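Peer 1: Residue numbers (the working numbering), protein chains in the order written: chain A, 1 to 168; chain B, 1 to 168; chain C, 1 to 168.
Just so you know, the hints here were simulated from the structure itself, not pulled from any lab data.
Small disclaimer: the values here were computed from a predicted structure and weren't measured.
Treat the hints with caution; some may be incorrect.
Here are the simulated lysine to any residue pairs, SDA-like style, with alpha carbons at most 25 Å apart [to be verified]: (1) LYS124/A / SER155/B; (2) LYS124/A / LEU23/A; (3) LYS142/B / GLY98/C; (4) LYS71/A / LYS94/C; (5) LYS142/A / LYS71/A; (6) LYS142/B / ALA135/C; (7) LYS104/B / LYS124/A; (8) LYS21/C / THR116/C; (9) LYS94/A / GLY141/C; (10) LYS104/A / ASN48/B; (11) LYS71/C / GLU96/A; (12) LYS104/B / THR46/A; (13) LYS104/C / GLU96/A; (14) LYS71/B / LYS71/C; (15) LYS71/A / SER155/B; (16) LYS22/B / VAL167/B; (17) LYS104/C / ASN48/A; (18) LYS140/B / ASP29/B; (19) LYS94/A / LEU75/A; (20) LYS21/C / LYS71/C; (21) LYS124/C / ARG105/C; (22) LYS124/C / GLY98/C; (23) LYS94/A / ARG105/A.
Pairwise CB distance ranges (calculated) [as the list claims (entries may be wrong)]: (24) GLY98/B / LYS22/A: 44 to 50 Å; (25) GLY62/B / ASP20/C: 51 to 57 Å; (26) SER155/A / GLN77/C: 26 to 32 Å; (27) PHE31/B / GLU168/C: 39 to 45 Å.
Just so you have them, the derived chain C footprint on chain B, three or more residues with Cβ under 8 Å [as the list claims (entries may be wrong)]: (28) 32 to 38; (29) 75 to 84; (30) 140 to 154.
Here a beta-carbon is modelled for each residue, glycine too, at the ideal position from N, C-alpha and C.
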Amino acid sequence: MLLPFLFFGLVATAQKTDVDKKLRELGIDLFPPGAPMGNYVKAVRTGNLLYLAGHGPTRADGSNITGKVGKDLTLEQGAQAARQTGVAILSTLKAELGDLNRVKRIVKVLGMVNCTENFTDQPKVMNGFSDLMVAVFGDKGKHARSAVGMFALPSNIAVEIEIIVEVE
Amino acid sequence: MLLPFLFFGLVATAQKTDVDKKLRELGIDLFPPGAPMGNYVKAVRTGNLLYLAGHGPTRADGSNITGKVGKDLTLEQGAQAARQTGVAILSTLKAELGDLNRVKRIVKVLGMVNCTENFTDQPKVMNGFSDLMVAVFGDKGKHARSAVGMFALPSNIAVEIEIIVEVE
Amino acid sequence: MLLPFLFFGLVATAQKTDVDKKLRELGIDLFPPGAPMGNYVKAVRTGNLLYLAGHGPTRADGSNITGKVGKDLTLEQGAQAARQTGVAILSTLKAELGDLNRVKRIVKVLGMVNCTENFTDQPKVMNGFSDLMVAVFGDKGKHARSAVGMFALPSNIAVEIEIIVEVE
């Protein structure tokens with residue numbers, strides 16, 4: 001009589017470990033998010049939507065990848081900065097939700113790339129972030145996105161990304 | 001006894017054809033949306049809200065209106081680019097919803113204009129988009145909006161617009 | 001038998017006057033919002049969310065604080081412009097909601113600072129806005145935020161801010 005419950009329990013457990021397992025496979029270590037850069041909070045939930053503050057390419061030691069793509073950073077380095085911003089955002093999500101498996105969908109992404117005036121490959125830079133989301137969350141990680149080129153960003157960070165997440 | 005149903009059926013049909021009829025009156029031909037410029041999707045729905053990715057002034061042949069307003073493009077040409085971005089967005093909405101009459105409200109618009117540093121008429125540029133939404137959807141097309149001037153945009157497109165739509 | 005109702009009535013009245021009282025304590029006078037700068041509306045509600053259009057640092061007389069932070073304006077003047085944008089936004093909220101006590105949460109803020117290319121203190125500028133929201137609404141005023149540096153803004157306003165508010 002307990003078999004169906006056992007079965008569903010096993011399925012639920014398997015699903016629950018998916019995202020953490022995927023992070024391990026990708027060699028990604030999350031870290032405790034640092035303090036916000038001003039008088040704001042890292043995330044606010046309303047209904048089933050979690051709005052995240054703008055995040056930069058923060059490393060585990062709290063330092064940031066800085067500089068302008070097209071001058072200080074190559075396209076590849078910019079994409080790496082976007083990916084690191086993804087790691088910082090995953091770290092905030094983990095701290096907010098406790099369990100990354102509670103993410104139902106990465107809904108919307110605004111990716112702002114610190115770059116030179118004639119740099120026009122913001123989408124390739126932002127793929128560094130988007131590829132990570134799809135690698136971690138699969139279809140749930142596929143999002144609507146804008147990628148744009150910025151004149152100036154806080155502390156000269158290379159990328160700033162804000163996202164909206166649908167959560168359980 | 002069937003008359004009331006017939007009456008409401010006619011009203012419903014009249015309403016359902018409004019948007020398509022309006023597009024014909026305006027001489028606007030929608031087109032199948034092209035592929036996204038990166039690893040993202042054109043739209044994500046959560047609840048009754050549809051979040052659209054950033055769109056550029058894409059023509060039916062897939063080419064874009066490019067250049068900076070205030071240097072490469074006049075104000076009028078910028079407004080035309082914003083209007084063309086509206087056509088591209090309507091094309092995506094049609095592909096997503098099947099029927100544009102399912103649009104309940106254009107809720108929020110972020111309009112990013114590729115321009116020179118001393119150009120300050122972003123609202124007039126963005127009216128090219130907003131006027132089209134109101135022409136097509138009437139009161140349902142009236143939206144909250146931000147219009148700003150950008151340093152650089154993907155592929156040097158003249159305008160990038162992202163919107164949030166409430167749908168049935 | 002009426003005592004419980006009386007009691008709750010008094011509590012409700014006390015809560016209802018909180019925000020207006022706080023505005024008086026802070027010496028803030030709201031004003032009737034001016035017309036939008038283009039073919040859009042100042043706010044659109046969908047569900048429990050109110051999306052506000054981009055606002056500038058508009059004064060009661062309709063004039064704006066203009067110029068670039070880092071060149072025309074100091075950091076302190078920029079923060080003052082962000083605070084004034086907050087007053088303009090509160091004025092719009094008051095006009096939309098009738099009663100500012102209907103604000104349940106300032107959910108999300110996008111703060112766009114008109115600045116020079118090497119200015120990197122956008123978060124300190126935006127604290128002028130955020131500090132005001134927390135002073136007025138307390139914990140309900142704590143929001144997720146992005147702060148970024150813009151190349152150009154409408155009418156050369158010093159700051160443009162758009163917000164999402166959860167309302168009753």
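Peer 1: Against this structure, judge whether each hint is valid.
Peer 2: Tested hints:
{"no.": "1", "hint": "LYS124/A / SER155/B", "result": "holds, 11 Å"}
{"no.": "2", "hint": "LYS124/A / LEU23/A", "result": "holds, 23 Å"}
{"no.": "3", "hint": "LYS142/B / GLY98/C", "result": "holds, 21 Å"}
{"no.": "4", "hint": "LYS71/A / LYS94/C", "result": "violated, 46 Å"}
{"no.": "5", "hint": "LYS142/A / LYS71/A", "result": "violated, 30 Å"}
{"no.": "6", "hint": "LYS142/B / ALA135/C", "result": "violated, 32 Å"}
{"no.": "7", "hint": "LYS104/B / LYS124/A", "result": "violated, 34 Å"}
{"no.": "8", "hint": "LYS21/C / THR116/C", "result": "violated, 38 Å"}
{"no.": "9", "hint": "LYS94/A / GLY141/C", "result": "holds, 24 Å"}
{"no.": "10", "hint": "LYS104/A / ASN48/B", "result": "holds, 16 Å"}
{"no.": "11", "hint": "LYS71/C / GLU96/A", "result": "violated, 39 Å"}
{"no.": "12", "hint": "LYS104/B / THR46/A", "result": "holds, 21 Å"}
{"no.": "13", "hint": "LYS104/C / GLU96/A", "result": "holds, 20 Å"}
{"no.": "14", "hint": "LYS71/B / LYS71/C", "result": "holds, 23 Å"}
{"no.": "15", "hint": "LYS71/A / SER155/B", "result": "holds, 18 Å"}
{"no.": "16", "hint": "LYS22/B / VAL167/B", "result": "holds, 19 Å"}
{"no.": "17", "hint": "LYS104/C / ASN48/A", "result": "holds, 16 Å"}
{"no.": "18", "hint": "LYS140/B / ASP29/B", "result": "holds, 21 Å"}
{"no.": "19", "hint": "LYS94/A / LEU75/A", "result": "violated, 29 Å"}
{"no.": "20", "hint": "LYS21/C / LYS71/C", "result": "violated, 37 Å"}
{"no.": "21", "hint": "LYS124/C / ARG105/C", "result": "holds, 22 Å"}
{"no.": "22", "hint": "LYS124/C / GLY98/C", "result": "violated, 31 Å"}
{"no.": "23", "hint": "LYS94/A / ARG105/A", "result": "holds, 14 Å"}
{"no.": "24", "hint": "GLY98/B / LYS22/A: 44 to 50 Å", "result": "violated, 34 Å"}
{"no.": "25", "hint": "GLY62/B / ASP20/C: 51 to 57 Å", "result": "holds, 55 Å"}
{"no.": "26", "hint": "SER155/A / GLN77/C: 26 to 32 Å", "result": "violated, 21 Å"}
{"no.": "27", "hint": "PHE31/B / GLU168/C: 39 to 45 Å", "result": "holds, 43 Å"}
{"no.": "28", "hint": "32 to 38", "result": "violated (count 0)"}
{"no.": "29", "hint": "75 to 84", "result": "violated (count 0)"}
{"no.": "30", "hint": "140 to 154", "result": "holds (count 10)"}
Hint compliance for this structure: hints 4, 5, 6, 7, 8, 11, 19, 20, 22, 24, 26, 28 and 29 are not met, and every other hint is.
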